[in-house]
Amino acid sequence: MQIKSDRRYSTEHLWVKVEEKTMARIGITDFAQDELGDIVYVELPHVGTELEASDDCAVVESVKTAVSIKSPLSGKVLEVNDNLDEEPELVNFEPYRAGWMFIMEMADPEEIEDLLTSEEYSDKYGTGV
Amino acid sequence: MPGDVVPSRYRFIPLTAGYASMNMAVDEALLLSYLNHFSPQTIRVYCWSRPSVTFGYRIDPAAVDTSGCAETDVVRRPTGGGVVYHCECATVAMAGGVSSLEEWAGRNGLPRKRVNRSSLLYRAVNSVVGDALSALGVKNSLVPGSTSWNAGIDCFSNPCAYDIVGAGRKIYGAAQMRRGGAFLYQGNLLIEEGFDIDGFCELLREGLGAALGWEIVEGELSKEEKEEAQRLCRVKYGSGDWNRLGRSPPGRPGRPEAGGPR
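First to last, the sequence lines map onto chains A and B. According to this note's numbering, the first sequence is numbered sequentially starting from 1. According to this note's numbering, the second sequence is numbered sequentially starting from 1.
Please note: incorrect hints may appear among the correct ones.
Claimed, not checked - Listed below are several chain A residues computed to face chain B (Cβ distance under 8 Å; list not exhaustive): (1) 59; (2) 61; (3) 86; (4) 90.
Claimed, not checked - Anything over 12 Å on all C-beta distances counts as not near chain A; from chain B, calculated: (5) 50; (6) 70; (7) 72; (8) 81; (9) 85; (10) 115; (11) 136; (12) 144; (13) 167; (14) 169; (15) 173; (16) 195.
Since the hints were derived computationally from the structure, they do not count as laboratory data. Don't be surprised by glycine CBs; every beta carbon is placed ideally from N, CA and C.
The following block holds chain A by itself, in its conformation from the complex:
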């Protein structure tokens, strides 16, 4: 299982990469995509949506399972990965790169500290996989 050291992780298996002072790119982890199996559908939030941390923000479907995804942070959705409309499998193939889901302007950058570090995520989910 791949875990990137340059980002933080939620216990619901989302990664967060801070790209500028208050902007964060968000996607699902390699662990999560592997657990889900072949992803056939990704529903993303509207650009402009204001989310609170833990709000439902997206839905992913694989193997007849619709999975509700919770936002790891509070903030406003600035951009979504439209490529996932036509190629949801990008989440399986490149969860940390082409399979990113959305970019958010963080309302409270300190929330990042509530997320797991790569080491903590690895300790929790990186063995027995």
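Starting from the known structure of chain A, fit chain B onto it as the hints suggest.
Just chain B now, with coordinates in the frame of chain A:
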């Protein structure tokens, strides 16, 4: 897993019959109530009060073939999967925590961390359903786990891993919704006239208890669960926004139209 819920304990609600929108509403109410700490994990079996069509969360409502279904209810499910035509059928629904699969996983030599895999729930529960059908004289077999899902729109024309086939056709298929470490499972069984549905329910209850290591006690819906189901039926499963436009109702739980996914 919600607070004081015993992971291996489930409630079993005896056979009921309902309209499509209420069937979906009760199922989601059970999941939400479990997540909100005021319901136990639950198994129930229900029939359909009249012919209905349900379709999976991702399916475009415009793609659902309802020709010849003028008098049927057409409802979008909270779970994934394709289109299901409910005529002579019964549905097995379960709402619980994925951690309740850990004992079964351990018995089957599977890492406990893998219980999040949706295919494991199909394997665990559908095997029990198949055994119950066998005990009732319905010859059947599980589709091999290596069979991939082709995401076809017609559920019963597309057998995939752990579906149940009998007499040359798919007779049981299931779909799920996952949310915050919990699952909602809905499995649809095609039945023929004279099928012993009460016997099936009893065998299912016994089989799930034995195979998954669950303590299963009979119960009924609480007043709060009924109220939540009625609310969901009113604002979601009985609404054109959800069923025809694919929009979620405003407010939580659920995804508000403006704040939720596109």
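Here's how the hints hold up against the structure:
1. Taking 8 Å as the C-beta cut-off, the interface hint given for residue 59/A holds, the closest approach to chain B being about 6 Å.
2. The beta carbon of residue 61/A is positioned within 8 Å of a beta carbon in chain B (closest approach about 5 Å), and the interface hint is therefore held.
3. The criterion of a C-beta within 8 Å of any C-beta in chain B is not met by residue 86/A, whose closest approach is roughly 14 Å, and the hint is violated.
4. Taken as an interface hint, residue 90/A does not check out: its beta carbon lies about 16 Å from the nearest beta carbon of chain B, beyond 8 Å.
5. Even its closest Cβ contact with chain A, about 25 Å, leaves residue 50/B beyond 12 Å, as expected for a residue assigned away from the interface.
6. Residue-level check passed: residue 70/B sits 28 Å from the nearest beta carbon of chain A, beyond 12 Å.
7. No Cβ of chain A approaches the Cβ of residue 72/B within 12 Å, the least distance being about 22 Å, so the stated non-interface status holds.
8. Not every CB of chain A is more than 12 Å from the CB of residue 81/B (nearest about 4 Å), against its label as outside the interface.
9. Residue placement check: residue 85/B keeps its beta carbon more than 12 Å from all beta carbons of chain A (closest about 16 Å).
10. A beta-carbon of chain A comes within 12 Å of the beta-carbon of residue 115/B; the shortest separation is about 10 Å.
11. With a minimum CB-CB distance of about 25 Å to chain A, residue 136/B clears the 12 Å threshold, and the non-interface call stands.
12. For residue 144/B, the condition that its CB be more than 12 Å from all CB atoms of chain A holds, with the nearest at approximately 14 Å.
13. For residue 167/B, the shortest C-beta to C-beta distance to chain A comes to about 23 Å, beyond the 12 Å cut-off, and the non-interface label holds.
14. Once the 12 Å rule is applied to beta carbons, residue 169/B is consistent with being away from chain A; the minimum gap is 18 Å.
15. Against the 12 Å criterion, residue 173/B falls within the reach of chain A, whose nearest CB is about 8 Å from its own CB.
16. For residue 195/B, the non-interface assignment is confirmed: its Cβ lies about 24 Å from the closest Cβ of chain A, beyond the 12 Å cut-off.
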